[in-house]
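So the protein sequences, as listed, match chains Z and A. Everything in the first sequence is counted per my numbering, starting at 1 for the first residue and increasing by one. Everything in the second sequence is counted per my numbering, starting at 1001 for the first residue and increasing by one.
What the hints contain is simulated information worked out from the structure, not anything from laboratory work. Do not rely on the hints blindly, as some may be mistaken.
[Unchecked claim] Under the rule of at most 25 angstroms between Cα atoms (straight-line distance), these lysine-lysine pairs were calculated in the PhoX-like manner:
id : chain 1 : residue 1 : chain 2 : residue 2
1  : A       : K1015     : Z       : K234
2  : Z       : K41       : A       : K1255
3  : Z       : K247      : A       : K1015
4  : Z       : K252      : Z       : K234
5  : Z       : K188      : Z       : K132
6  : Z       : K314      : Z       : K209
7  : A       : K1207     : A       : K1314
8  : A       : K1017     : A       : K1041
9  : Z       : K234      : Z       : K244
10 : A       : K1015     : A       : K1041
11 : A       : K1244     : Z       : K15
12 : A       : K1314     : Z       : K17
13 : A       : K1314     : Z       : K41
14 : A       : K1041     : Z       : K255
15 : Z       : K17       : A       : K1252
16 : Z       : K252      : A       : K1017
17 : Z       : K255      : A       : K1017
18 : Z       : K17       : A       : K1247
19 : A       : K1314     : Z       : K244
20 : Z       : K207      : Z       : K188
21 : Z       : K247      : A       : K1041
22 : A       : K1244     : Z       : K41
23 : Z       : K252      : A       : K1314
24 : Z       : K17       : A       : K1255
25 : Z       : K17       : A       : K1244
26 : Z       : K15       : A       : K1247
27 : A       : K1222     : A       : K1188
28 : A       : K1234     : A       : K1244
29 : A       : K1255     : A       : K1314
30 : Z       : K247      : Z       : K314
31 : Z       : K234      : A       : K1017
There are 2 protein chains.
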Amino acid sequence: MGETDRLLEVVRGRKAKTVGLQFPVGLRTRAVELAREIEEKAGATCLVAADPSFGACDVAEMPVELIVHLGHAPMPHLRYDRVFFYDLPSPPLDNLAFVDAAEPMLPKRVGLLTTVQFRGWLPAIREHLERKGHEVHIGEPDRRVAYAGQLLGCDYHTAAVVAQDVDGYLYIGTGDFHPLGVAFLVDKPVVIADPERGSARTLGDLKDKILRQRHAAIARAKDATAFGILVSRKLGQARMGLAKDLKALAEKHEKRATIFLMDVVSPEFLEGYVVEAWVNTACPRIAIEDVLQYRRPMLTPQEFETVLGEREWKDYLFDEIRA
Amino acid sequence: MGETDRLLEVVRGRKAKTVGLQFPVGLRTRAVELAREIEEKAGATCLVAADPSFGACDVAEMPVELIVHLGHAPMPHLRYDRVFFYDLPSPPLDNLAFVDAAEPMLPKRVGLLTTVQFRGWLPAIREHLERKGHEVHIGEPDRRVAYAGQLLGCDYHTAAVVAQDVDGYLYIGTGDFHPLGVAFLVDKPVVIADPERGSARTLGDLKDKILRQRHAAIARAKDATAFGILVSRKLGQARMGLAKDLKALAEKHEKRATIFLMDVVSPEFLEGYVVEAWVNTACPRIAIEDVLQYRRPMLTPQEFETVLGEREWKDYLFDEIRA
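Bound-form chain Z, shown alone (with noise of 0.2 angstroms):
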């Protein structure tokens, strides 16, 4: 049985006369088609949210009885309505090569970890590893991650979880955000196996050039006076409570804070208002991945108690969303 069935069981089976079909960018190119075979063969009329999807977190609100997500695992403590998960399988795993590339900068115990697109492949991996000789650990999920060894941009807890059984990691994926933020997490070697470009890699200075840049911002922050605070309307983004957090602190260290609320985060939308320096509480990759798109210094939740003299630069934080 295709995928695409399983997907039309579901419509009929709940009986849907309307459904929204929420894509992550790089499954855009499938939307027209899906649409079209559910309304031709489950008879039911469909939207396409248009607006741009970055993970479980950010599910739209749309006016049907059937809302399918594709391509994200949904966010176990998140409490969706009329959501269903339609999650790809993993695509084949033709060949280990990238694998075999990574396996010599390898420590004995390493913890696997991956994105949610890959995470079938990590059993097969598994064993390979362990037939030339590793321990290979895999951390359970919990309540915001679905599958073992599974990271999210905002969440290493899989990584975290097994840090005490290895030294080192290997990351299955194409980027460099994720191993980014366990090299942050979790002081321990981080190889990344990439399976689009058929080879392994090292973080490299990536995390020296990154604190560079947090420290810059910090520094750039420090004489700031009246800050901006970004919360998401997004379901697994909104840190509303954090937000009046941070601007009480502010507030106690004689500093004035203005909470903003909105969906997507983006330089022009911040344009014009009076403001020195941005605290972000939505999305964590957004003050570190786009920080050089913003005029004013981008700040994570940690590094505004940096500012405000309430952590130490010494105690660096990685923002995570765990709450």
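Use these hints to put chain A onto chain Z, whose structure you have.
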């Protein structure tokens, strides 16, 4: 009593402990200061909505007891929940040189038009023109606009309602879009008196230029078989019924159409979807003003009817949201 005092009275009067503030781009510079004043003087906690705000069609949902929407007049037909429209008074009318620059270009019988920010100037400008021998007509508002003579980018009622009584229009404002809409809907000359530049101008060949662009978009979409119909999430821009009608019309003509639901309509959010042309049922300005930003043709609903052969090009109709 200052304008802020009036707002503080409203906040106190409603005993609001939490206040959401929404600003158009031009008023963002005042956001932080106003939030602070409300927090200090009315004891409420403020949230600033940082999603872009394009008009009274677009009022942010916020988890607060009172939403203050600045810079736009309410649209009488919409049902707003907990919203106070704090429409600032028009700036002082220092001199009428820009009107005098327009005056020689005007016919005797003239319709006077503007946008919300200059509404307060119309009585003085009417009197000024009458002294110069003109017969001035200012169209009464209706269920979609709040003030006499007021235009919206999606509503030209106050121009149309006096069309029989005038031989041309004077538009008081800074941009070209509103007078362009008038020129499309009523085939009479429009003169722009621009208070920012302090001068006057006609639309020149802008209408012809736009007509050529629209013709090109229609021509490019003629052979398309897959269309994407955009529906806005915004309160006063949501035309789902129209979108469904257009989808059915497309299917009658053996074309395929998929409905896309979104908040901010932006080129990068539409990249990747497999459609050959877009049909915009959100703010009518998007298809006209932003057309060159989109890789694929962006049609108005009426243009889509032309593409499908249901409307003649000679019956070209400018898109309004009059429902």
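Are there hints from earlier that the structure breaks, and if so, what are their numbers? 1, 4, 12, 13, 19, 23 and 27
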